[in-house]
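Visitor: Residue-level listing of the chains:
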Amino acid sequence: MYNFEFVKPSSVEEAVAALKTEDAKPLSGGQTLLPTMKQRLASPSKLVSLLGIDSLKGVSVSDGVMTIGGATNHATVAKEAASAFPGLAYLAGKIGDPAVRNRGTIGGSIANNDPAACYPSAAIACGATIVTDRNEYAASDFFQGLFTTALEEDEIVTAVKFPIPEASNYQKFEQPASRFPLTGVFVAKYAGRVGVGVTGASEDGVFAWAEAEAALAGNFSPDAISGLTVDADGMISDLHGTGAYRAHLVKVLTGRGVKAAS
Amino acid sequence: MPKDGIGASTKRREDKRFLTGVGRYTDDINLRGQAYAYFLRSDVAHGRLTNVDISAAAEMEGVVKVFTAADFSAAGGLPCGWCVTDRHGNPMQEPKHPILAEGKVRHVGDPIAVVIADSPELARDAAEAIVVEIEELPAVINMKDAVKDGATKVHDDLTSNLCYDWGFVEDNREAVDKAIKEAAHVTTLELVNNRLIANPMEPRVAVGHYDRASDDYTLYTTSQNPHVIRLLMGAFVLGIPEHKLRVVAPDVGGGFGSKIFHYAEEAFVTYASKVVNRPVKWTSSRSEAFVSDAHGRDHVTKIELALDENHKFTAIRTDTYANMGAYLSTFAPSVPTWLHGVLMAGNYTTPLIYVNVKAVFTNTVPVDAYRGAGRPEATYQLERVIDKAARELGVDPAELRRKNFIQPDQFPYATPVAVEYDTGNYDATLDKALEMSDYAGFDARLAESKARGKLRGIGIAHYIEACGIAPSNLVGQLGARAGLYESATVRVNATGSISVMTGSHSHGQGHETTFAQVVADMIGIDASQIDIVHGDTSKTPMGMGTYGSRSLAVGGSAMVKATNKIIDKAKKIAAHLMEASDSDIELKDGQFTVAGTDKSVAWGDVTLAAYVPHNYPLESMEPGLEETAFYDPSNFTYPSGAYICEVEVDPETGEVEVLAFTAADDFGNVVNPMIVEGQVHGGLAQGIGQALLENCVYDENGQLVSGSYMDYAMPRAADVPMFAVDHSCVTPCTHNPLGVKGCGEAGAIGSPPAVVNAVIDALHRSGHKVGHIDMPVSPARVWAAMNGQG
Amino acid sequence: MKVTMKVNGRQVSGEVEGRTLLSSFLREGQELTGTHIGCDTSQCGACTVHVNGKQIKSCSVFAVELEGAEVTTIEGMAAPDGTLNAIQAAFQEYHGLQCGFCTPGMVMAAAALLKDTPKPTESQIREHLQGNICRCTGYHNIVKAIMAASGQPVAAVAAE
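Residue numbers (my numbering), protein chains in the order written: chain A, 1 to 262; chain B, 263 to 1052; chain C, 1053 to 1212.
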């Protein structure tokens, strides 16, 4: 690993200022960044730890919206979201493994936008708002393809706001090695609309399965999507599964998610 | 019997240090003043090295020295320990395997240069400053393409990429062809035995230390056989005589075969420590292990099984391509031949067998023994083709096997593939497994799964393996360049405690516990009085190490021999002390008695007399009580067993869940049942891993696609069930003193076909007439096969 | 940079680079070599330790991030006189280890599990060990050991 300067500010303002240095990077739980740095695939000049900023941590609910601080780790979400938003708590509790969940954060996951990360599927399905030190983004505007987001280099995810659905479910079909989703589907049912967020499957990263959302809005049951097909074009093909297989999984998992949430 | 003697599930004495974090693995060794080596490895599979410029790197902060191939012009290549003779009587093609790449790189991971620096990070920093220019050549990856005329050659100085074309038994060839032509039924199956990576949890580490004062070298290394490394490295690579070279393998964190072989990094750190006059340490990262540890398996096979109208097997013909990788690893040529072809009879009376193996060089990491080594490849073909035959003929797969089993009264049984099984009772293990798995009750469980929308299947496999390798004169005739005996020195101390120095080497098997149980049992003293010393060439007699499920069968036999010598001498001393005749002395529970009298002396009295020989027959016997024995086995041992796997398949996703796994093994006598069962559990997880999860994949350019745990699927806790294991069917080995056969590899040998047979069974029972799915039987592959996309 | 933390109840400090991992700080700086490194992709779990009471992978956190933290390693699990704790003793009793390399991480993971879930089911145990790879035992005896350490009957999970 290349060496770097390390700072641990206690406020968002200090952190943003520290990120003005060229090639500085924010460090949250580090569960993706550290392995990347070990492979020497990332070489930040400075790491700005966000874990010393108390305002970035915590789960709160008000007016039907769950707000999760950017530096809140997965284990905390799994625990604290359990009663108000069990679908999201379940998702958080299935990320990685217990040790990873004690370090990895929602902000880190969202900002990295790994095509197989779990959180983006929920953010897309729920129409979440990604709050940063300088902006608020609709999830659909925030995620812009593999490892690409609307964030500027020195911008920090301070919180993610999820409108809490009436019912929700996350279906994760694990890639057997990494235990990331080979395909993961988050289904969220609201009054008058249904969100279906898909991760792990598409070459363009997380996406909303619009046809299913439309069909499910009128009839929230697995039958509603039985006539739909998912196009295998643009789906990831690798040693763990073809695009056709992933396309098939999207439908199967959506059906299962709907059934479980019904 | 003392409470921790033979047959007791004695708790392991090794455990306390491992459980409290004070085990001493090679990476825990740090020598004063040590420097760190970083290997710069090729990132292309095949190419000519046109320029390696180390000048900038050599000038960097903290860099001690940078080495390239030129620094090793006086050293030999890494030797291959086995020369296979091809079907025409010619020796295999054997390319040089240099320590650092000479002229060409031949696989991703082939080392090009090494930086030695004051810290690992500085060494790696400097390695990035080395300028390497490579003229890329087409990568040779597919084995069948590699042996076509005009194929790019991995080694320019060889005639082709064919290492050897082996036929066995060549004299059977025509008779086998005829039998297959005339058979009532022939079942044919083409399959792949997937390439695997052993992945012991401890990556390899080597620390070299040259002592200028004594002119001695010491190598600390993660090895299953330190004496073998000393011999190969000293005599063939570096030219250091044994008395100047000590090899120490301390606690070793698993090996599964991958730590048998002599690797370039070991020779490098040993040599370099003299050049730079500092200890030199190299610690492999896991990513580096993926491209530098020898891989396993990687066979592509067509097998044909001929049956007569009574469903008796009449002939087997196989045609296998075996991947050697870019160079010949230490025992690579023996794996697809003498550890594979000779097992093709399995547990059956098939009279005619012909095995053809083409070993092929490719631009991939060298392939060598991995848990089972050749025997899983043989078992998988055989047990899959038998299952397919049963389905084609509409007969129960258990009954088809039973009909063809070698019967208990046929032992010793000479197979048509050159080995003679000493004992076995295959009906017994099959019956046991059928009973344990409630085979008869399967239909009810099937219905229960069906009600939940799941497909259920059950699969059987029977296996035999050849362990306890091996008779030295025999393997010498077959091309081995080493003997395969084992050694032990039993040193009895004056107060009666004992140090046993064994040439075997534990890397997780618990020898310190098991071996002590054997000696304790023989002498009748408490096992706590006995220490097992292993893993250091300066302490133990020349021994060949631990692999091939040989430690107790061969190393244990040496120890028994040495202990018997001790007992013989101790009896003479006891006879002197009690003024009786040697032949009247009996040893029981650590007491020597004169038969028919109440006269006795204790073990400790005799051992003290041996070292304080005031009252001692000095005129006829030397003082002291220390004996060494070497044991060279007269045959292999032949563990066997029946494995039954029950799976559920998710029809929507193709996901396979192993619901139950039963293993009924005949290991002969068992010293420590707890440890034996643990060995089986571990083997089963690796076999289930091979069947469902693990796959080492190269793309057409020779890049390793499954190059980390992010893509190489290791079995985890949730991937395997609780196992039902049994070893109560015992036919003791007839030719070693303990009657033991070996248990280390069985689980990995018998389980892959059982799992795949179960999956195919589940599919057939639900109307999917799928002939075969290659391992790993991943959800995607099952789904594709069910949907006609296979 | 200087970093100070409490390791196994003892205040320790050392000079580190930014890039020094907690695992290196422990293994090289503190000579606590029970924490093992089995991979470089945060998958194997051999390096699992507890930081402020939570299990984490010491290969995936920088030492400088842990200024003032309380760290427990495998060396801090047994009693000062070397007596094994209940989990360690159960691993020995049920043969939950072979080569011993993954064992420190397994014990630390098991301890974290039992702290939050004193009576886990077999599937909870297996699920909790998703981030700890063992190549030797096939997990069978690890599951039994953790069951036993939790005071539950081992027969409930044993297939044999």
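Be aware that a few hints might be false.
[Stated by the list, open to error] Dumping the calculated DSS-like pairs for lysine-lysine here, alpha-carbon to alpha-carbon at most 27 Å:
| id | chain 1 | residue 1 | chain 2 | residue 2 |
| --- | --- | --- | --- | --- |
| 1 | B | K273 | B | K831 |
| 2 | B | K278 | C | K1054 |
| 3 | A | K57 | C | K1106 |
| 4 | C | K1054 | C | K1171 |
| 5 | A | K38 | C | K1054 |
| 6 | A | K79 | C | K1171 |
| 7 | A | K57 | C | K1058 |
| 8 | B | K410 | B | K358 |
| 9 | A | K57 | C | K1167 |
| 10 | A | K8 | C | K1167 |
| 11 | A | K38 | B | K278 |
| 12 | C | K1054 | A | K46 |
| 13 | A | K20 | C | K1167 |
[Said to hold, decoys possible] A few chain C residues that face chain A, going by a derived Cβ cut-off under 10 Å, partial list only:
| id | residue |
| --- | --- |
| 14 | D1092 |
| 15 | S1094 |
| 16 | K1106 |
| 17 | F1114 |
| 18 | G1128 |
| 19 | P1132 |
| 20 | E1179 |
| 21 | L1181 |
Derived by calculation from the structure, the hints in this document are not laboratory data. Note that CB positions come from ideal geometry on N, CA and C, so glycine has one too.
Visitor: A separate judgement is required for each hint: does it hold in the structure or not?
Guide: Taking the hints in turn, this is what the structure says about them:
1. B/K273 - B/K831: With a Cα-Cα distance of about 31 Å, the restraint between B/K273 and B/K831 is violated, given a limit of 27 Å.
2. B/K278 - C/K1054: Given pair B/K278, C/K1054 is violated - Cα atoms ~34 Å apart, limit 27 Å.
3. A/K57 - C/K1106: holds (17 Å)
4. C/K1054 - C/K1171: Cα-Cα ~41 Å, so violated.
5. A/K38 - C/K1054: With Cα atoms ~22 Å apart, A/K38 and C/K1054 stay inside 27 Å; holds.
6. A/K79 - C/K1171: Since the Cα atoms of A/K79 and C/K1171 sit roughly 18 Å apart, the hinted pair holds (cutoff 27 Å).
7. A/K57 - C/K1058: holds (24 Å)
8. B/K410 - B/K358: holds (22 Å)
9. A/K57 - C/K1167: Distance of about 23 Å is within 27 Å: holds.
10. A/K8 - C/K1167: violated (30 Å)
11. A/K38 - B/K278: This hinted pair is violated, its Cα atoms lying about 33 Å apart.
12. C/K1054 - A/K46: Holds - the C-alpha atoms of A/K46 and C/K1054 are around 17 Å apart, at most 27 Å.
13. A/K20 - C/K1167: violated (42 Å)
14. D1092: holds (5 Å)
15. S1094: holds (5 Å)
16. K1106: holds (4 Å)
17. F1114: holds (7 Å)
18. G1128: Interface hint status for C/G1128: violated (17 Å vs cutoff 10 Å).
19. P1132: Nearest chain A Cβ about 27 Å off; hint violated.
20. E1179: With a minimum Cβ separation of about 9 Å from chain A (threshold 10 Å), the hint on C/E1179 holds.
21. L1181: This hint holds: C/L1181 lies near chain A, its Cβ roughly 8 Å from the closest one there, short of 10 Å.
Against the hints set out earlier in the document, violations occur for numbers 1, 2, 4, 10, 11, 13, 18, 19.
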